[in-house]
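Here the protein sequences come in this chain order: A and B. The working numbering numbers the first residue of the first sequence as 1 and each following residue consecutively. The working numbering numbers the first residue of the second sequence as 1001 and each following residue consecutively.
Accuracy of the hints is not assured; some may be wrong.
Stated by the list, open to error - Which chain B residues face chain A? A few, computed with CB under 7 angstroms, are given here: (1) A1092; (2) V1167; (3) A1168.
As the list claims (entries may be wrong) - Per the computed footprint, the stretches of chain A lying under chain B, defined by three or more beta-carbons under 8 angstroms from a beta-carbon of chain B, are: (4) 13-19; (5) 277-286; (6) 306-312; (7) 358-368.
What the hints assert, rightly or not - Now the stretches of chain A that chain B is said to cover, found in silico as 3 or more residues with beta-carbon under 8 angstroms: (8) 120-130; (9) 412-424.
These aren't lab readings, by the way, just hints derived from the structure by calculation. For each residue, glycine too, the CB sits at the ideal point set by N, CA and C.
What follows is each chain in one-letter form.
2 protein chains.
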Amino acid sequence: MPRLKIVDVSVRDVRFPTSDTLSGSDAMNPSPDYSASYVELMTDHSGLSGFGFTFTIGRGSDIVTRMVAELAEQFVGRSVGDVADMPAFMAASLEELTQDSFLRWLGPEKGVAHLAAAAVLNALWDLWARAAGVPLWQLLAELEPQQLVSCLSMRHLGDVLTPDEAVAMLEERRSGHQRRIEELRAGGYPAYLTSVGWLGYSDEQVRNLVNEAIGQGWNAFKLKVGGSLEDDRRRIAMVRELIGGERKLMVDANQVWEVPEAIEWIKELTDWDLSWVEEPTSPDDIAGHRAIAEAVAPVPIASGEQAHNRIMFKQFLASGAIGVCQIDSCRMASVNENIPVLLLAAKYDVPVCPHAGGVGLCELVQHLSMFDYIAVSASLDRRWTEYVDHLHEMFVSPVRIRGGAYQLPLAAGFSSEMTEEALAAYSYPDGTVWKARAESSNSHGS
Amino acid sequence: MPRLKIVDVSVRDVRFPTSDTLSGSDAMNPSPDYSASYVELMTDHSGLSGFGFTFTIGRGSDIVTRMVAELAEQFVGRSVGDVADMPAFMAASLEELTQDSFLRWLGPEKGVAHLAAAAVLNALWDLWARAAGVPLWQLLAELEPQQLVSCLSMRHLGDVLTPDEAVAMLEERRSGHQRRIEELRAGGYPAYLTSVGWLGYSDEQVRNLVNEAIGQGWNAFKLKVGGSLEDDRRRIAMVRELIGGERKLMVDANQVWEVPEAIEWIKELTDWDLSWVEEPTSPDDIAGHRAIAEAVAPVPIASGEQAHNRIMFKQFLASGAIGVCQIDSCRMASVNENIPVLLLAAKYDVPVCPHAGGVGLCELVQHLSMFDYIAVSASLDRRWTEYVDHLHEMFVSPVRIRGGAYQLPLAAGFSSEMTEEALAAYSYPDGTVWKARAESSNSHGS
Chain A
1 MPRLKIVDVS VRDVRFPTSD TLSGSDAMNP SPDYSASYVE LMTDHSGLSG
51 FGFTFTIGRG SDIVTRMVAE LAEQFVGRSV GDVADMPAFM AASLEELTQD
101 SFLRWLGPEK GVAHLAAAAV LNALWDLWAR AAGVPLWQLL AELEPQQLVS
151 CLSMRHLGDV LTPDEAVAML EERRSGHQRR IEELRAGGYP AYLTSVGWLG
201 YSDEQVRNLV NEAIGQGWNA FKLKVGGSLE DDRRRIAMVR ELIGGERKLM
251 VDANQVWEVP EAIEWIKELT DWDLSWVEEP TSPDDIAGHR AIAEAVAPVP
301 IASGEQAHNR IMFKQFLASG AIGVCQIDSC RMASVNENIP VLLLAAKYDV
351 PVCPHAGGVG LCELVQHLSM FDYIAVSASL DRRWTEYVDH LHEMFVSPVR
401 IRGGAYQLPL AAGFSSEMTE EALAAYSYPD GTVWKARAES SNSHGS
Chain B
1001 MPRLKIVDVS VRDVRFPTSD TLSGSDAMNP SPDYSASYVE LMTDHSGLSG
1051 FGFTFTIGRG SDIVTRMVAE LAEQFVGRSV GDVADMPAFM AASLEELTQD
1101 SFLRWLGPEK GVAHLAAAAV LNALWDLWAR AAGVPLWQLL AELEPQQLVS
1151 CLSMRHLGDV LTPDEAVAML EERRSGHQRR IEELRAGGYP AYLTSVGWLG
1201 YSDEQVRNLV NEAIGQGWNA FKLKVGGSLE DDRRRIAMVR ELIGGERKLM
1251 VDANQVWEVP EAIEWIKELT DWDLSWVEEP TSPDDIAGHR AIAEAVAPVP
1301 IASGEQAHNR IMFKQFLASG AIGVCQIDSC RMASVNENIP VLLLAAKYDV
1351 PVCPHAGGVG LCELVQHLSM FDYIAVSASL DRRWTEYVDH LHEMFVSPVR
1401 IRGGAYQLPL AAGFSSEMTE EALAAYSYPD GTVWKARAES SNSHGS
């Protein structure tokens, strides 16, 4: 890796008009336009940049993008150094992007400020992996545990996971790395499919999509629920019949229930062997999730895609509030905060089944799932990473799915770079697609 | 109250250069510039506007201000209606400002999006109280409980506090309203003073300020701690000696400790009869606070100024994690979300001792403390509202303190209006003070 300096940044609000089709509709989010606050950190080495983003669902993306710009611009003119300097550079960047007192006041470590920090940190990890010439999962797996842990958000985890324990956990898993990498190269990492069951889809749409997906080799499917109990029971029964008893079925309520309501509702959904019920209530309600989990056992309760930081996960995991841990690559502070959660989940023996979908979340989070198997959990039992078949064509190195599994990514970096065509078309509001829509709406009235 | 329509909004980033003096310095926030994202909702009735704001500590205030503008501008052109329409208008506004799916994705109900919602909701409550011609505490106390509860954030509290229970609690307290109002009119609401003990102050500064405050009738004092144990012990001992055994002493660590560290540290501070130890660790760590509270009992643990919503307070209170509940008038969604927390605190018999200081937090939160005594807790036992003697001159109706107590506010509204002079001087970056500083810094180099 050469000595690098960050010489410029480019930050864009990239939006895709997904609300046109109700793809992505659920009980909480009726009509999202999937969007990314997208950042490129350009270096003084020609052609070498780091790309990162965070994900939003449309309106409000301008605010996040502005925050990303404010954070990213601080890095212009900074020397990154060479490969030996990267851990220290990353640790200092993490501190600056999450612990600055002004940023803490806007959070701390939550909401817009933290989403924006994730975008910049994702770009820094992409830059590091590209400079090293390896895919991110490999960079992470090859780092000395001590060095990796020095880059992680460990603050306020001290009561359950110290840096020394984290190092010891990673050391203990090192012997099997190569074997597990070969397994992933051969069979990929298991995935489940959400694209079949958006709440806005008709029964017929769901049926056709499930049948098509079975034909493509999918073995696990998720339905959105929480609109009406009658609809939920009918759709779940229909999908269970279509997929048979062996394939997996999960459901997702996207936070709509009160705690007592969740318990009653979920008890009406126990006839179909659900692998989990996701986000039954507020993502802040650790005690509520725990009460639900206890009341509906053995149905596993899943949550985490909107758990805002490692301190929330610490409590969810240590208290038994969730039986499935759903990290997100853009809501927490990138790899730096997700790896501590992988370690916590391993410590409490909870499978990690990452949230993905949106735009680019699959591209990013596959690296974390691969790393989890190689270096942390060393298990594929009860583990599936979410997959949604949207917008992968916008990326230079899109995910590859075969037989219902993510294939090991091979390109250098974090798979986070969008194509020039996508940026030209979907940058908001100046991309060609948005300009054309604005003109068309002006000429037709609105 | 006339029929009203909101016809325009004005949103400003107002910043005060408090970092010049280290007023406001603590273990987490070494040099804040106290700031407000300030909004005026103008109506079609000449001279009748609603004023609101949220508080930040400087950098990042531009992002919050932009979010406030985005939310406030939606209200331009809306009919508020007359007094009978206000509860429905408020309930709809709350839903729009906190439950919109786009806003939830940026939170949900936390961080920049929620701070911005607080500013707009504070302005709507100010408008309502001004239109009714009464101070906010009086408006709240005089509303029918059913109407008041219809304006509150009750979502995801259903397992511990239903709307019906909330109405019943408020009904039960109605008989004593008038007597308690007269008590407050005579003696005010007890306050404690934070201005004496910022972390950046020397021992001599602290000693002089404490002596001066005792002369003014103050009976409760807070020190910032968490920098060094030796310094903490020396300063606490010094202040306890200065104030004698009867007056109250609290300390505040501003989140700096890990959970085990907090327990050890606090055990070294038990010789001086502390009324509470505040924010020992991450404000997200309910289980951590509970572990600390159990380990250091009977020293009460206080938290809440950065607890981001009612769902966090529900858990803090129901689990016994805090013995002192510190609401904030600008971090949660205004009155709408603070009253449910007052009710929860009453249900679990935890005293509410609001966070204040910054800019204008005292002006706002005094109304909530008054309302808490009149209509919810009906108790002053172990209750003190924070007071800091900063920046009150920036407000049209500043708080009045006498004998260490907040005097009952009498002006119509939420005490949230800044003076024209303050706005002209401190609006950022175009106020006269900031322009002069920019010019001076340009001419001297920097």
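**Item:** Indices of hints not satisfied (ascending)
**Value:** 1, 2, 3, 4, 7, 8 and 9
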